[in-house]
Amino acid sequence: MPEANPAVAHQFEDAEQQLHAAHFGMWTFLATEVLFFGGLFMAYILYRHAYPHDFAEASKHTDLLYGTLNTAILLTSSLTMALAVHASHSNQPKATVRFLLLTLLFAAGFLMVKGFEYHEDFAEKLVPGPHFNPALPPRAGLFFWLYWTMTGLHAIHVTVGIGLLAVITVLARRGRFSSRYYTPVEISGLYWHFVDLVWIFLYPLLYLIDRHT
Amino acid sequence: MNRGSPSPKTLFAVWAALLLLLALTWGVARLNLGIWNPVAAVTIAVAKMLLVVLIFMHVLYGVRLIWVFAAAGFFWLCIMISLTLGDYLTRGAF
Chain S
1 MPEANPAVAH QFEDAEQQLH AAHFGMWTFL ATEVLFFGGL FMAYILYRHA YPHDFAEASK
61 HTDLLYGTLN TAILLTSSLT MALAVHASHS NQPKATVRFL LLTLLFAAGF LMVKGFEYHE
121 DFAEKLVPGP HFNPALPPRA GLFFWLYWTM TGLHAIHVTV GIGLLAVITV LARRGRFSSR
181 YYTPVEISGL YWHFVDLVWI FLYPLLYLID RHT
Chain B
1 MNRGSPSPKT LFAVWAALLL LLALTWGVAR LNLGIWNPVA AVTIAVAKML LVVLIFMHVL
61 YGVRLIWVFA AAGFFWLCIM ISLTLGDYLT RGAF
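For the protein sequence lines, the chains are S and B, in the order given.
Under the working numbering, think of the first position of the first sequence as 1, with each following residue one higher.
Under the working numbering, think of the first position of the second sequence as 1, with each following residue one higher.
Please keep in mind that the hints were generated in silico from the structure rather than gathered at the bench.
Fair warning: there could be bad hints in the mix.
[As the list claims (entries may be wrong)] Computed from the model, here is a short list of chain B residues facing chain S with C-beta under 8 angstroms:
#1 Leu22
#2 Arg30
#3 Ala72
#4 Phe74
#5 Met80
Only a predicted model underlies this, so the values are computations on that prediction, with no experimental measurement involved.
Heads up, the beta-carbon is just placed ideally off N, CA and C, and yes, glycines get one too.
The shape of chain S in the complex, shown without the other chains (with noise of 0.2 angstroms):
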């Protein structure tokens, strides 16, 4: 009879089983994340397609250094990730926790570049509503309504991702992972590399639209 493994639950049969039923779980959760944020995307193409001009034109007040910085920031947040996950599974526990570290560092990071652009975004009175800018065609406050809604809702999960991976790291500096069981640093690095999916496609969509004129 095998050893058994203590980080294997009593419900599956190995180490491996319990794997495959944490990666289908966690890609299940990710796929009810795409319907999450795809309602918004879905109101994004809708009134875009109906007002192009419009949303061209409010395009162009959204801050490009402040959005093509914070999209680096987040990719290179992916990469620390996922050498964190190599790190874990490689018996590397000190990388591990490095690795987790420079993740927080950027995420944080992202927060606080958004949040200088949401100062200046306020200042400019891009909020929709009665102080909206005045100077705006008529349909932009729909593109900021858009805007604020889905960064909004991107900055509330990379606070989560802070929380979980900050959780993750105290494990494994207390050197709960190693090869043989290192599944929450995996699954919580699939949840980071959703977030960062989400960014992926907000940039062009937010920042890009008309940037040529």
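Fit chain B to the supplied structure of chain S, relying on the hints for placement.
Chain B only, in chain S's frame:
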């Protein structure tokens, strides 16, 4: 489950490709390509998505059932978008 997994070298190469694609999408957006601007922007975003999903998220190295699970969300998203557009675009009011 993992038939091998990407080496750090591969991960760095993917990261470099992602940053290159970011520079490309930024550069292309500055050219006036008319209708091709949004097409280029979405195509580049999809290329970045594939790199992240296949390599960073290990789908390339996973069993076939993982491919099905990963594609399912995207598949349903396509159903939602195509049926909704099929409705709105044929009403003539939008």
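Hint-by-hint comparison with the structure:
1. Interface restraint check: Leu22 (chain B) against chain S, minimum CB-CB distance 5 angstroms, threshold 8 angstroms, status holds.
2. Here the hint on Arg30 (chain B) is kept, as its CB sits about 5 angstroms from the closest CB of chain S, short of 8 angstroms.
3. This hint holds: Ala72 (chain B) has a C-beta 5 angstroms from the nearest C-beta of chain S, less than the 8 angstroms allowed.
4. Annotation: Phe74 (chain B) was flagged as interfacial toward chain S, and the flag holds, the nearest CB pair being 6 angstroms apart, inside 8 angstroms.
5. Here the hint on Met80 (chain B) is kept, as its CB sits about 6 angstroms from the closest CB of chain S, short of 8 angstroms.
The earlier numbered hints are all upheld by this structure, with none contradicted.
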